[in-house]
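Colleague: Got chain A; can you put chain B on it based on the hints?
There are 2 protein chains.
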Amino acid sequence: MNIVIIGGAGFLGQKLARALVARGRLNGQPVRRITLADVTDPVGIEGAVPVDTVQCDITDPASVARVITDETQVVYHLAAVVSSHAEEAFEEGMQINLHGTLNILERCRALGTAPLLIFTSSLAVYGGEVPDPITEVSLLNPQNSYGTQKAVGELLVNDYARKGYIDGRGVRLPTISIRPGKPNRAASSFMSSILREPLNGQGTNCPVDEDFRHYYLSPRKCVENLIRVAEISAGDLGGNRILQMPGRTLSIRQMIDAMTAVAGPEPARLISWQPEEAVRRIVGGWRFDIHADRALALGLEVDGSFEENVRAYIEDDRPGG
Amino acid sequence: MNIVIIGGAGFLGQKLARALVARGRLNGQPVRRITLADVTDPVGIEGAVPVDTVQCDITDPASVARVITDETQVVYHLAAVVSSHAEEAFEEGMQINLHGTLNILERCRALGTAPLLIFTSSLAVYGGEVPDPITEVSLLNPQNSYGTQKAVGELLVNDYARKGYIDGRGVRLPTISIRPGKPNRAASSFMSSILREPLNGQGTNCPVDEDFRHYYLSPRKCVENLIRVAEISAGDLGGNRILQMPGRTLSIRQMIDAMTAVAGPEPARLISWQPEEAVRRIVGGWRFDIHADRALALGLEVDGSFEENVRAYIEDDRPGG
Chain A
1 MNIVIIGGAG FLGQKLARAL VARGRLNGQP VRRITLADVT DPVGIEGAVP
51 VDTVQCDITD PASVARVITD ETQVVYHLAA VVSSHAEEAF EEGMQINLHG
101 TLNILERCRA LGTAPLLIFT SSLAVYGGEV PDPITEVSLL NPQNSYGTQK
151 AVGELLVNDY ARKGYIDGRG VRLPTISIRP GKPNRAASSF MSSILREPLN
201 GQGTNCPVDE DFRHYYLSPR KCVENLIRVA EISAGDLGGN RILQMPGRTL
251 SIRQMIDAMT AVAGPEPARL ISWQPEEAVR RIVGGWRFDI HADRALALGL
301 EVDGSFEENV RAYIEDDRPG G
Chain B
1 MNIVIIGGAG FLGQKLARAL VARGRLNGQP VRRITLADVT DPVGIEGAVP
51 VDTVQCDITD PASVARVITD ETQVVYHLAA VVSSHAEEAF EEGMQINLHG
101 TLNILERCRA LGTAPLLIFT SSLAVYGGEV PDPITEVSLL NPQNSYGTQK
151 AVGELLVNDY ARKGYIDGRG VRLPTISIRP GKPNRAASSF MSSILREPLN
201 GQGTNCPVDE DFRHYYLSPR KCVENLIRVA EISAGDLGGN RILQMPGRTL
251 SIRQMIDAMT AVAGPEPARL ISWQPEEAVR RIVGGWRFDI HADRALALGL
301 EVDGSFEENV RAYIEDDRPG G
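Order-wise, the sequence lines are chains A and B. Just so you know, we're using the UniProt record's numbering here: the first sequence kicks off at 1 and counts up by one. Just so you know, we're using the UniProt record's numbering here: the second sequence kicks off at 1 and counts up by one.
Isolated chain A (complex conformation):
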């Protein structure tokens, strides 16, 4: 089984590749080769499975065609320009998030091999005057360009799957926390920073109030779920190939309390509380009362508690940990 991970330089692509190497199998078949593709050359991974790294510009169909070939059985499409970035740079967001996704779908269609394609969508597809709770039959009413482009991707994945051009699946990821690495241009960046930086002994700012609630999943559980999504039988997915990946709804206060329970009182003292209006405007409309019953019934899983997320960060990702 040859697996291509587009967005393979990102933290999720890297973790997914390491998990697939460690597992050695997907859908009952041995993993023969993993190709990490990204706009910047991804970091390679050592292990029992060969892992290639390759530069790929998904806005260029020829570049996509070099990466996804008739030997590709599985494509994970994780690449995106994130929320704040897509909001500031409208054309770039459209090129990468919409046309890039179309280029990947069109390449898969042209191959005629109906590869398994897993597309990552986002909570940003929700918003506006849609009643709580958000369920799998709620209107997608995105309030930013990133969410719009992800909702478009979902519709296209469903249609290409229905037509038999791909064995498509999409998952709306909860906000991943604690995400390793550095702050990025996602409006949700602080939802990891406020824990990660203090756990690393660094100061950070929380731009929202401590009662701000949102919907979270650990990177570890997210990767497990991304693998599970590939292994659900097509018949069990029915006529809608898009799932809400399950998460937990938590306030900032609950997250900080979990950090304190695991790591003691020092990290929380490194958080300052300066409101940031630009961030508040974007995340203030984000939905958190989200139900993922269908995904849970299909075997996707949620963290047992946010303490687990904090421990997973310390074990898996904390520098020098």
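I should point out that these hints are in silico values taken from the structure, not numbers from a laboratory. The structure presented is a predicted model; accordingly, all values stated were derived computationally and were not measured. Misleading hints may appear alongside valid ones.
Treat identical chains as interchangeable: a pair holds within one or across any two.
[As the list claims (entries may be wrong)] Quick list of in silico lysine to any residue cross-link-like pairs, SDA-like style, CA-CA up to 25 Å:
id : residue 1 : residue 2
1  : LYS163    : HIS99
2  : LYS163    : GLU129
3  : LYS182    : SER251
4  : LYS163    : GLY285
5  : LYS15     : GLU210
6  : LYS163    : GLY201
7  : LYS182    : ARG269
8  : LYS163    : THR59
9  : LYS163    : VAL130
10 : LYS163    : VAL82
11 : LYS15     : GLU301
Modeller: Same frame as chain A, now just chain B:
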């Protein structure tokens, strides 16, 4: 006020143009010029307002740029490859319904004048395992490529409007019956043919059972609503610029009874009842329990009865009538 109607050769574009000419005003301003643009040269219209006709290929950005200029205040985008056609000719559907719509949106954005853009969507955005009734907060879960492409158009119209690139509005049209002219490649074509052909003294076939229910509006009321949509103040639309245009849910039997009430018993005898599986497969999943409360509250209207639709056909459209 300069108005461009893309899809201006279609029956709806033609009726809309005639209504705008007769009205002479839109949004409190005089209509100075109407441009009917279509892939085939539209039929011109005589009246007190100059009506230009022009060929336009919306898959070609340069062609779109020649039609939508900085003098264009209003764009009606009615052009589409219809449902059965888009299902058979996937690439053509994508080119016209998705990339064509993108080309129109991108042209409007490039102008910097934020023109008023009215986009026509379709009931085909609904489907699958979404509970009845369908409301304005139901998931769009299209079960064919046409519906997918229309749902994508809706999302983009909303986002371009939110960004201020257009004053965008979208309306999901009920199935228009009685549509004048000839059968087309829409799976819904028979929903007019079974009345139009008998009213014209010709035989026709009904491919579904007489208890098949669907959601209808007359061309006359549809045109009135398309004008009304342009005149709703942006503030009243709130964060979702897409409306379900109101219609009536009727069975085939109710429609035929209405025809008989208006035109006597002869027309109904011209209908044969041979099931057509290809049509049934597509329309069988179409939704009919549809609520359009928001549009009704904003002043859009529904026909008083289907008898009105039959009379409107006889008055407005029946050949030699």
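Colleague: Between copies, within a copy, both or neither: which fits LYS182 and ARG269 at Cα up to 25 Å?
Modeller: within (20 Å within a copy, 74 Å between copies)
Colleague: Quick one: LYS163 to GLY201, C-alpha cut-off 25 Å, is that within a copy, between copies, both, or neither?
Modeller: neither (52 Å within a copy, 40 Å between copies)
Colleague: At most 25 Å between CA atoms: does that hold for LYS163 and HIS99 within a copy, between copies, both, or neither?
Modeller: Both. Shortest intra-copy (19 Å) and inter-copy (19 Å) distances satisfy the 25 Å Cα cut-off.
Colleague: From the Cα coordinates, with 25 Å as the cut-off, is the pair LYS15 and GLU210 best called within, between, both, or neither?
Modeller: Classified as neither; 30 Å inside a copy, 57 Å across copies.
Colleague: Within a copy, between copies, both or neither: which one fits LYS163 and VAL82 at a CA-CA cutoff of 25 Å?
Modeller: between (29 Å within a copy, 17 Å between copies)
Colleague: Given a CA cutoff of 25 Å, do LYS163 and VAL130 count as a within-copy pair, a between-copy pair, both, or neither?
Modeller: Between copies, since 20 Å is at most 25 Å while 30 Å is not.
Colleague: With 25 Å as the alpha-carbon cut-off, assign the pair LYS163 and GLU129 to within, between, both or neither.
Modeller: For LYS163 and GLU129, the Cα distance is within 25 Å only across copies (18 Å; inside one copy 32 Å).
Colleague: Is it within, between, both, or neither for LYS15 and GLU301, if the alpha carbons may be no more than 25 Å apart?
Modeller: within (17 Å within a copy, 55 Å between copies)
Colleague: Please sort LYS163 with GLY285 into within, between, both or neither, judging by C-alpha distance up to 25 Å.
Modeller: between (35 Å within a copy, 16 Å between copies)
Colleague: Can you tell me if LYS182 and SER251 fall within 25 Å by alpha carbon in one copy, between copies, both or neither?
Modeller: Intra 22 Å, inter 60 Å, cutoff 25 Å: intra-copy only.
Colleague: First find the shortest C-alpha distance between LYS163 and THR59 inside one copy, then the shortest across copies, and answer within, between, both or neither for a cut-off of 25 Å.
Modeller: both (23 Å within a copy, 23 Å between copies)
Consistency note: the structure conflicts with the earlier hints numbered 5 and 6.
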